[in-house]
Amino acid sequence: MNAGNVMRRLFVSAWMALVFITVIWIATTQIRSPFFPPLPIVLTSFSNTWFGAGFMEHVVPSMINLGAGLAAALALGLGLGVALASFPLANALVNPYAQFLRALPGVALLPLMLMLMGTNDGSKITLIAFGALWPILLNTIDGIRSIAPEQRDSARAYRVTPFNVVFRVLLPGAFPRITVGIRLSISIALVLMVGSEYYGATHGIGFYVLQAKQTFKTADMWSGVLLLGLIGYVLTTAYSAIERRILRWRPTDDR
Amino acid sequence: MSALAEPGPEGRAVRPAPLSAWLRGVLIHGAFFLAVIGTYSLALVLDPGLRRFLPTIGELLQALAGLAVDPQFWSGVGATAKAAGLGLAISMVGGSLVALLLATSTRVYDSARFLIDFLRTIPPLALIPVGLLLLGPTTRMEVTLIVASAVWPVVLQVYYGIVHLDPKYLETARSYRVGRLLQIVFIVAPGVAPSFGTAFRLAASMTLLLAVGTELLAGSDGLGFLIGWYQQARRLPEMYATIIVVGVLGIALNAAIRSAERRLFAWAEETR
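Top to bottom, those sequences are chains A and B. All letters in the first sequence, in the order written, are residues 1221 to 1475 by the working numbering. All letters in the second sequence, in the order written, are residues 719 to 990 by the working numbering.
Do not rely on the hints blindly, as some may be mistaken.
[As the list claims (entries may be wrong)] A partial selection of chain B residues facing chain A, derived with a Cβ cut-off under 8 Å: (1) PHE750; (2) PHE771; (3) PRO773; (4) THR774; (5) LEU778; (6) ALA786; (7) ASP828; (8) LEU833; (9) THR839; (10) PRO842; (11) LEU935; (12) GLN949; (13) ARG953; (14) VAL964.
[To be verified] The following label-pair restraints were derived from C-beta to C-beta distances: (15) B:ALA973 - A:SER1267: 17 to 25 Å; (16) A:ARG1468 - B:VAL881: 21 to 29 Å; (17) B:THR890 - A:LEU1263: 33 to 41 Å; (18) B:LEU815 - A:MET1335: 40 to 48 Å; (19) B:ARG895 - A:LEU1467: 39 to 47 Å; (20) A:ASN1384 - B:LEU818: 48 to 56 Å; (21) B:ALA978 - A:PHE1436: 41 to 49 Å; (22) B:ALA761 - A:VAL1243: 54 to 62 Å; (23) B:ASP828 - A:ALA1310: 26 to 34 Å; (24) B:ALA978 - A:ILE1246: 40 to 48 Å; (25) B:PRO885 - A:PHE1436: 51 to 59 Å.
Since the hints were derived computationally from the structure, they do not count as laboratory data. A virtual CB, placed ideally from N, CA and C, is assigned to each residue, including glycine.
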């Protein structure tokens, strides 16, 4: 591909976003509404807050909660998933409850978590982990159960050790499904991260946004929303890239 | 070791299970359910301190019965259903229109992709303060927030459905000079219908999440609001009962849409 082609493709993928930003820029500087402060002011607030004190005070705690919750959900989901997939009866018994908890919107549990564990980060991490657990767990079970029985049988025939069965046969075989579960879990974890920061919190990006709204610092509010949008975009895009890389060995047509 | 030879999900449902197997399943699940309830009740008896956070089964049943005749609860159900239904309908129609527009040419899709990817990855609920500021804790705000999040899965699913239509059908229709309208009705619409079903299911679960979340966090009327309110009023059995109702709504909605998908689109090669 030559340089001209690259430029053209870049232009095609970027022009609409650029037009969108320009329109917002002009509109917000023209209408002078207190709700929609001029874009340059929002951007100034963005760099002042998020490249300044706000980073340590709000972004880091948010990201730690998100990361810890997701890590706990991943460890629990994979572990429980392997265990349940190996015992069909246990799986059949637990499945309805797992389906119920997956269908339950995690935010509905916010008051409960507040009551049980208070407003600390532990309660937020628990809620994030709880919400993010179910897609990983259920997809791990489905993934393992969809592995061709011959593969397990041959592993057994060669007396592959249980450790190797789990890490070389079951988890890799289930991986295409597991990645789907992780993708869902990431978006759920993001929702719960933001939601938990709106409900009885003292720090975090969500808390900052809500606080800015309550004190009518609309530029600060929009800068927080912008940051949340960027975090969502970066996480989703980065995960898609990782997923493509990990699943490179699969034939592309059934992805 | 027969556990390992268990057939995968594809292996099931080849023939309907006989009645005795069905009965056995009901018995086993019923016994397990009773065991769960028994363990829970025993734990509450052994450690009465837990009762500060957890209702007994009796209290829970009483709360559920109380809610069933409580007009305030039903008006909450109505408010949630109204906002969710409106939001879902707007998301489906709007999302499909956007998808149609995107599918007119790959140029359009390539141009809009970055913007759409950015907008759809904004975490739902992030816009609650904005919605509150602009519209206040109203149904209109709730519907707006629902649409802002639930419209994206519809856009993507319907778009992929249109793009992955087999061009052979359209080419055949064209060579027989079938009119544009007939092409849309008999080829495009049925071809896209399964994706539309998937879009509906994804958007519906997103909608319930957004509705309950907005009601709880922004204080618009509905079941989410009631959950927070019962907690603050220390009416814990009612809080738990409402959470259970929300979960049952979620799973019933999902199951209903899935079974409708299976029935309607059994002819499609795979139900996603």
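Against the structure shown, which of the earlier numbered hints fail to hold, in ascending order?
Structure breaks hints 3, 4, 5, 6, 13, 15, 17, 23.
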